Amino acid sequence: MSRLYDTVEPAVIDEEMLKKAVEEQGPKEEAGKIAKQEGIDFGDVLSLRLDFLNILKIDNLWEFTKLTKLQLDNNIIEKIEGLESLVNLVWLDLSFNNIEVIDNLDSLTKLEDLTLYSNRISTIENMDSLLNLHVLSLGRNQLTDLENLRYLRRFKNLKTLNLSDNPFCKQDEYKQYVIAFLSNLEFLDYRLVDQQSRDAAIEKYQVSRDEMLHNEKQAEIKKEDETKRQQELEKHKNAYVELMNGPDLFEQMYAEDKEGQKLNEMPGLEDQLHSFKEKFMQICTQIFDFGIAEHEKREEEVKSFWECVEEAKQDNKRLGMVHIDEFTETKKRMLLEMSQMSDHKMVEQYARDYNDKIQVLWDKLMGLELQLVDQLEEVIKEFERNMQDMVGTFVENVQALLSQCRDLENNHHEKMMEIAIVTLEKVIKNELDDEISDDLKMLLVDKDTIINAVSSSHDVHLLKIDNKEDDIVTRINQSLKNLIEQIHQDEEITRNRMRVSEINNLIDHLREEMDNLEVMQN
Amino acid sequence: MDSSEMNEGEIHQIDSDDVIKEEDETENEEGEDLTEDAEALKAELAKIVVHPPSYEQSLMEEFDQAEFSPSYKDNLPKENLVLQYAENFRRQMVQLYRDRKPLFLNPVNECGVEKFVCTTIRPTLLEFKELYNWDGAAEFVADYLNIEPLKPEYELPKRLISPSTVLKRQKGNCFEYSTLLCSLLIGAGYDAYVISGYATKETCLADESRDICPLLKKKEEVQEEARKKEMKKYNVKPPRDLRSKFELKQEAKKEAEKQAEKEKQRKEEEERIAELEKPPPDPYFGLRIHAWVLVLSGKREVPENFFIEPFTGLSHPMDSSNYLGIESVWNNVNYWVNMQDCSEGVKGLSFDLGDSTVWEFMFPNNDKPLLKIPDAEDDLNDMDDDEHIEHGKDDEEHEVEKYLDMPPSWVDALKLSHRDFQMRCPHGKKTKVYKRAKLEKFAHYLMKDGLISRLSVYEDRELTDLMKVHEYYAHRSDKLTQKLTNHRTGQVCENFDPGRPRCLKEHQFKSSTPGPENERVMIFYHEARVDGLVKREETQTEMTEEYSNRDDFLFYKYVEFGKRAKKFGPQETSSANKGRPINKMIQKFHRNRNKPANEDIAEIIFHVAEDKIHISYHTEDVRIAASTREFLKPPNWDEKGAVLTFNPEMHQTFQVDPMLPMNKQVELYEMLMELLKAEEKCRNEVRDSQNEVRNILDDRTKEEAASELDISVYDTERNEKAKKHRRELERQQLEEKMRKQEMDIDYLAPFLAKIGNPEKLSKQQAFSLKEECLADLKQRLIDKANLIQARFEKESQELEKKQAWYQQNQVSMGKEDEEEYLTYCKEAIFRIHILDLRLTRHKEQAPHKYMQLEQKLRNDERLSEFF
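Which chain is which? The protein sequence lines are W and L, in order.
The first sequence begins at 1 in our numbering and counts up by one.
The second sequence begins at 1001 in our numbering and counts up by one.
Note that these hints are calculated values from the structure, not bench results.
Nothing here was measured: the structure is a model prediction, and the numbers come from that model.
A portion of the hints provided could be inaccurate.
Claimed, not checked - Covered stretches of chain W, as calculated for chain L (at least 3 residues, CB under 8 Å):
{"no.": "1", "segment": "418-429"}
{"no.": "2", "segment": "500-514"}
What the hints assert, rightly or not - The list that follows gives simulated cross-link-like pairs (lysine-lysine, DSSO-like), each with its CA atoms no further than 27 Å apart:
{"no.": "3", "chain 1": "W", "residue 1": "K364", "chain 2": "L", "residue 2": "K1826"}
{"no.": "4", "chain 1": "W", "residue 1": "K332", "chain 2": "L", "residue 2": "K1612"}
{"no.": "5", "chain 1": "W", "residue 1": "K69", "chain 2": "L", "residue 2": "K1664"}
{"no.": "6", "chain 1": "W", "residue 1": "K33", "chain 2": "L", "residue 2": "K1612"}
{"no.": "7", "chain 1": "L", "residue 1": "K1237", "chain 2": "W", "residue 2": "K481"}
Glycine included, C-beta positions come from ideal geometry on N, C-alpha and C.
Could you put together the complete structure from these sequences and hints?
Right, here's the structure in full:
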């Protein structure tokens, strides 16, 4: 292609160019005249064409946030850039440019049609977020590696693909390879992919394709599991009892307790430790189950609260609309009658009546709003009270269960103490049968050391339990507070202000309308 | 009666009157002297009146005996046995219950032979699906037969005609009706019985003029229970009611009183009407004999027992007041006599037929021994006198040996042709009179316009003041199914089946103004319409259309028409089609959730007359007011190709949310352009609607004028086209066959003829025949080969000649000649080649043909015996 523009200086997208393009491509005729007078906001432009302008660098497009279609073909662009803010883009044409690398397209998630025809691209890459892609043209580029095409498998909606005039098209298996590995394609290189050739291609690459499918499926399952687990955990977190259904708390107790770990190696402790763990776990599970059950209860409560509030608001809205409709009917009638009147006094009388009616409407609407405010206030109060009760019981129960944990720990501590002393005695008397580690030996020197070690281990354990308790209690209280505050803010204050301003706005409009009419008649 | 006879009669009358007068006079003369005693005696004597027994002429129809099968004319030994048994049973009953009415046991049949009633029932399942259910069967029997009332009405009939004959003559009395119906029901698997008993006069005479027509009875509407509002925990409290409780109470009291007063009045009125409508007292009340059908629960998923009245085909509950008593009950296997008191009608009777304390059975082989008490029979026998004891013993022995079971029915299989079934009523027509209503039924395809029934409802009981007519149609090609004409209001309502062009479902209009642009309602099958039109209502100046399920969310359209501008001049006819000017158009839309409420139009009003367009938007979820917008149309909007200008004064708006940025002028301008387009579109649609109405009305007029009936392709009897087609096919087949026969020319015929067509061939003849035949074929094959060869040679010679000629004249020849020669050569070579091929093939095939013939001769049946 002979480039007429080669002689022209390379250009940069600037204000002037954009303005010109927008005006040229904007509304025509009368609408165009009006638009010109008023000025066109770049933010409102939906489609923009900047072709054959010898543009070297994409720039200054950040204002076009609503843009859905952008044509930058037949320029000399070397790098994809400056498109980050055009998040609504559906169609992007960058054909006949000098692009070497696909890049900087991550924010264009709505993109459906991407044309990079006749560039210098050698690898398909950096398009992970373009999951809505329908049409992709990569013809006449420098693509050499067929394997690279597997990258396109992630685009489930991709139906049309153009890869012609790439180096790898000369390979014999090119077409079948593409069809086999991108079997969702409907059009390849300007042609319909028929079932027959698809079947043939799939048959040819049966083995590697199956393997690939299998791998993909495995990955998918894994991903699903992961998300499921994540969701589960999220749910537990919302119930404030995450990880309580496992040995997490127990393990945490020993995680920072090095001495405890050493002490656990004392002979004769195994049974004790085992039963302690079991009991501890049991209580943890209890806490977990209780927490989940309470959480569901609270959810139910919140749900029913919102339902009722929504219902009340809907009822109120309906009543308000009925009033407005009634008024609109009378207004229509009155205006019609007024327009047929000639007597000035009568008209004035009517106008006064009308104003009275507006006042009545205002009273009614405001009355309804006040009623709703009262109703909601009452309901919210009740809800708050109930929620607080529920949270209270939850906290109490959790505390009771955790104090059971503490008791267990105390018990365990005593037993530990006994065993430690016995062991110490044995060590001192050298009656110990089993070998013990050096770490433990270090502790088993005298009574004070061992007692200190056991006590400090005990303290660490209690601290962990306390921490857990604190964590649960503060979190639940905090979130309850947030919820209630938000409800007060949204449902009482914001809603009320909005409605009142709406009513006033409406009434003002109605009055104004009347005034205008009077002025016109006068 | 002749007039002369009349006169004679009158004369006689006068004569006798004279005589009586004379007698009276003499009596009177004597009477003057009579004492009071004598007067009393006279009065007493006057009470005694004797009626000379009038000889009831037996009106029994005679039947041609020849058309019945022997079973009708004679009894089998077993039947005789059963008859004896029945006679014995009867005698025992008479003995035991002297004041009981005689039982209906063994009437004579149409051939004058006594038959037991149980054997007259012939369970049959006919091939019509309508007869499979009891209601269909009952309706069929009621429709198919004509009623012959019993004569006299308080005596059992002497004769019971078999159901097969009843079907043929299409009339019968209640016993024959019941027997036929029972046969059909038992055949269809119901537990059905014939009941002989007593009923009211209306029932016996099938007088339904006091009953409301079943078609008019409103179906009990299943009222959907209003969903109770769930009391949820956080339901808001309703605002406090500030009205006085006391006043409310007083109000309610007053209201209740008024209501009670009204209720009372209504009841009184109802009672009065009921009193008026009561039938006159019947002298034979409780004596009128009737037969009807009982269906017991259990089989065919019948949940509870009920009666079927055979004359009307309707079911009656077990406590129906129409039936006054039951004598006996029977089906095809047994006969039971009612032992319960019927002084209160049939109310409270037990129908546990196995309970022998309430039902006396006749045959012990009761197939439903529900409550069999073994001593019952013995007790009965013990009480009998000697003779009967003997009889009883016999019976008992009988029982011990084997139960006497019912002989098979003597009646021939019931037959009903398809045609008769479709004709339904005798001659295809039947009229029934109900209370203030008359129902006429017609067989399908009987009436030209497809009418199958017509129900006329009257204001009064004498059926003179017509209120409305309900007509039902079937098989009409215009799909009309119902037509309701209200003669009071002149309103006509037509219903259609799906399948019409333009999908019309219902059409209501005034019969006085059937033309377009008048009051009418059209309801459509909107699922089938592209535009989803549900209903179009018209008055003289308005039109309202309702839509459903449209992609553009339109659901309502209203148009107000102005008066047609009067035009003077000769173009009156063309302007009539132009339609009226439109004053106002309203379109309403459902909420489109994909758009923000503030941009989703809820209603557009085109004030066409005022050049204004008013738009209301949907209300946002959190708001109560809706945004509105009003445009004035540019002054030159209806000029074609004109540049439409716009200025801000042409637009007014109210935005619910004042914070929203104002629309730009360009947007407003484009909006206005869109609206102008929408208006144009709406106007066109209105015109289209008007045209559609006109077309529909035209179609209707045409259809009414020439109503055609559709004939199903499966209806082989009526479908003339199919018949023709079938006949054509048959004819073709026949022709084909003929041709085949012709093709099968006997190849031996000429040879046989040579030896004089002998009946049978001798061996020698056969051999010589074969030889001859083969030789003939050989000759022919050789001839053919020679022929081909001759032609081949001829062609070759000609070609050679031509070639020689060409070589001689080659020099002097023009181009055309040369070409001609070349084509000739080509063709000739082609022909020669073909001939060559043919000869080769012939040579190949000839021996095969020869062998084939030989084989054929060998297998020929005339010659086969020799080879």
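Taking the hints in turn, this is what the structure says about them:
1. 418-429: violated (count 0)
2. 500-514: holds (count 6)
3. W:K364 / L:K1826: 109 Å, violated
4. W:K332 / L:K1612: 15 Å, holds
5. W:K69 / L:K1664: Roughly 22 Å between the alpha carbons, so the hint for K69 of chain W and K1664 of chain L holds.
6. W:K33 / L:K1612: Distance of about 24 Å is within 27 Å: holds.
7. L:K1237 / W:K481: 25 Å, holds
The structure shown violates the earlier hints numbered 1 and 3.
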